[in-house]
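2 protein chains.
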Amino acid sequence: MTTVNRRWLLARRPEGLPDAGCFALDTQPVPAPGPGQILVRARFLSVDPYMRGRMSRTAGYAPGVGLGEVMRGGGVGEVVASNHPAWAPGDIAESMAFGWQEYAVLSPDRPGTDGVHRVDPALAPIESALSWLGMPGMTAYFGLLDVGRPRPGDTVVVSAASGAVGQLVGQIARLSGCRAVAIAGSARKLDWCREIGFDAGIDHRTADLRAALKETCPDGVDVFFDNTSGPIHDAVMRRLSIGARVVLCGRVALAARHEAVETGERHLGRLIATRASLTGFLVYDWWHRRDEALARLAAWHRAGQLKYREDVLDGIARMPEAFLRLLTGENFGKQLVRVV
Amino acid sequence: MTTVNRRWLLARRPEGLPDAGCFALDTQPVPAPGPGQILVRARFLSVDPYMRGRMSRTAGYAPGVGLGEVMRGGGVGEVVASNHPAWAPGDIAESMAFGWQEYAVLSPDRPGTDGVHRVDPALAPIESALSWLGMPGMTAYFGLLDVGRPRPGDTVVVSAASGAVGQLVGQIARLSGCRAVAIAGSARKLDWCREIGFDAGIDHRTADLRAALKETCPDGVDVFFDNTSGPIHDAVMRRLSIGARVVLCGRVALAARHEAVETGERHLGRLIATRASLTGFLVYDWWHRRDEALARLAAWHRAGQLKYREDVLDGIARMPEAFLRLLTGENFGKQLVRVV
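Protein sequences appear in the order of chains A and B.
First residue of the first sequence? That's 1 in the UniProt record's numbering, and the numbers climb one at a time after it.
First residue of the second sequence? That's 1 in the UniProt record's numbering, and the numbers climb one at a time after it.
In short, the hints are calculated from the structure, not lab data.
Keep in mind that this is a model prediction, so the values were computed, not measured.
Built from N, CA and C at the ideal position, the CB exists for glycine as well.
Some hints could be false.
As the list claims (entries may be wrong) - Across the chosen pairs, the derived CB separations fall in these ranges:
no.	chain 1	residue 1	chain 2	residue 2	range
1	B	G66	A	D219	24 to 30 Å
2	A	A295	B	R110	50 to 56 Å
3	A	E215	B	R210	26 to 32 Å
4	A	D219	B	E292	28 to 34 Å
5	B	T328	A	A187	51 to 57 Å
6	B	P231	A	R205	34 to 40 Å
Chain A on its own, in the form it takes in the complex (with noise of 0.2 Å):
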């Protein structure tokens, strides 16, 4: 075991895009965890578009990380010391209250959203734990479930589909009896996304985005499982049927903007005309569910009706980097750092 506890801060809060001023590579003792406490040594970080919120003085919902503090952000690793009596070293463990750093200091104890979950390497590579079968697999589950409700033969249309939650919304909209058409932004991952199940697919980059939202839902949009906001949001808006719903997950097309206010076309004679819904989300909601959810994804996994695509660099050094990627949408899949 090493010494040091690399660990990423805030360093300064960005204006649309960060860049890599924007983090600092701080280095500290390893800490020693205290009464009812556990040490844990990352093996994978991740790296999700609600970030970029806390990198702001405030996300809406939640403080945003101090400058100087370290970036929030959930990890898996193993267990290298406990002072609680369920946990011992070899352990291993998954939190969304890990931060971007090898060693985080965990209280098992902690209710709710920063609590500390068991993770089974028999079940499922431990970093599945940090996307299908953690927090982004709960996002997909009950953000298309319980908020978009889907009926058999509804068109379920997904942007960032090839994303993190995306690619399993498209699976669970299958799974459901729904149409499922993707949004992505390139041929590769539109095709990563007809390989797991969707029936269409557009390239929001290069097609026209009202004709070919008319060309694949002629009949309308029943479910819109909305993770970019911005034009795609706008086309999709323009194709609603009578009664549909819209499910605001997130909104990563806007994270290069400047402006703290998004402005564009309101929506709201269309969502009158259409009895349509749009309603905003937020997993966190749903933790007391966490296990009926990932009990399904797993079945789901077991049965191969789940697939899933992560996209892993190496090295805690690389996070900037992981995150920027997946805020451009280069990334391919769930992205992921592999620390060890």
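Got chain A; can you put chain B on it based on the hints?
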């Protein structure tokens, strides 16, 4: 019985607010009812914000009125001739299919929203069938209770609060155990809102809306019944509580605009942060539950728990004037025209 039928035709499609030249008064012989039809002489005609949409080529959810055709609209009047076994001269009939005219041929067997409803003059003044005991009453009832889903203790904000729908929404909110906050365009209107039970009021023509909402809704807005869109929408969206429900009922604040598309701030990030929903709503979807709504509204009214204010102009010649008053907020209460 006179032998002529004066009718208001759509003469020109407006850009922004309609003016007198958009309408033409036409005189025709009184029509004769066909088999199964009745001839009804108008006593009261309604003007409603939705008619602005019908003056365009399409209202989004319904085709527009054709140039040279009679303006669409609801009316209530007396049957003067009947070829229908269930209807006799002297009966009072209400229909959304009346049109801006003195005499209408109606088909009582037509189903749905273009149907004909019998009005009991002993229950309430017959013009109530165009206001609290008719379509605006149903709009308030289903929009608030079914779309807004108020819970006791909720803060319910209503725009155009002294209008045909708004005044009912506030009172039903109070009957549901909620706090009701009125937004209206004059001190007189707000005095009336307080008189009928609203807990607080904001004059959108004079107040600093954001500051006034902060003061009147210190714990946020749980239900926003939005009749206006525009700057009022923006201000209330900034005060949504966690899990808030926004009922999109109308957009009368946009009646003067020339642009086909509404642009402005998009509140998608705010909807995510608050896990709020924004739901478009058309009362026609609740037509099968019309009896339920009207029975409850009538019961509240009998119990003295529902007050209602109408704003009546005299003479079919004043239909365009009445309509423009409505679109500019000069009316005070439900706008009607008394025909005879």
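CB-CB spacing for A187(A) and T328(B) relative to the 51 to 57 Å hint | For A187(A) against T328(B), whose Cβ atoms are near 53 Å apart, the range 51 to 57 Å holds.
Status of the given 24 to 30 Å range, CB of D219(A) versus CB of G66(B) | holds, 28 Å
Holds or violated: 28 to 34 Å for the Cβ distance of D219(A) and E292(B)?
-> holds, 32 Å
Could you say whether the range 26 to 32 Å given as a hint is met by the Cβ separation of E215(A) and R210(B)?
-> Because 44 Å falls outside the window, the suggested range is violated.
Okay, P231(B) versus R205(A) on CB: inside 34 to 40 Å?
-> With Cβ atoms ~36 Å apart, the hint holds.
Evaluate the given range 50 to 56 Å for the C-beta pair formed by A295(A) and R110(B).
-> Roughly 53 Å apart at Cβ, these two residues keep to the hinted range, so it holds.
Hint compliance for this structure: hint 3 alone is broken.
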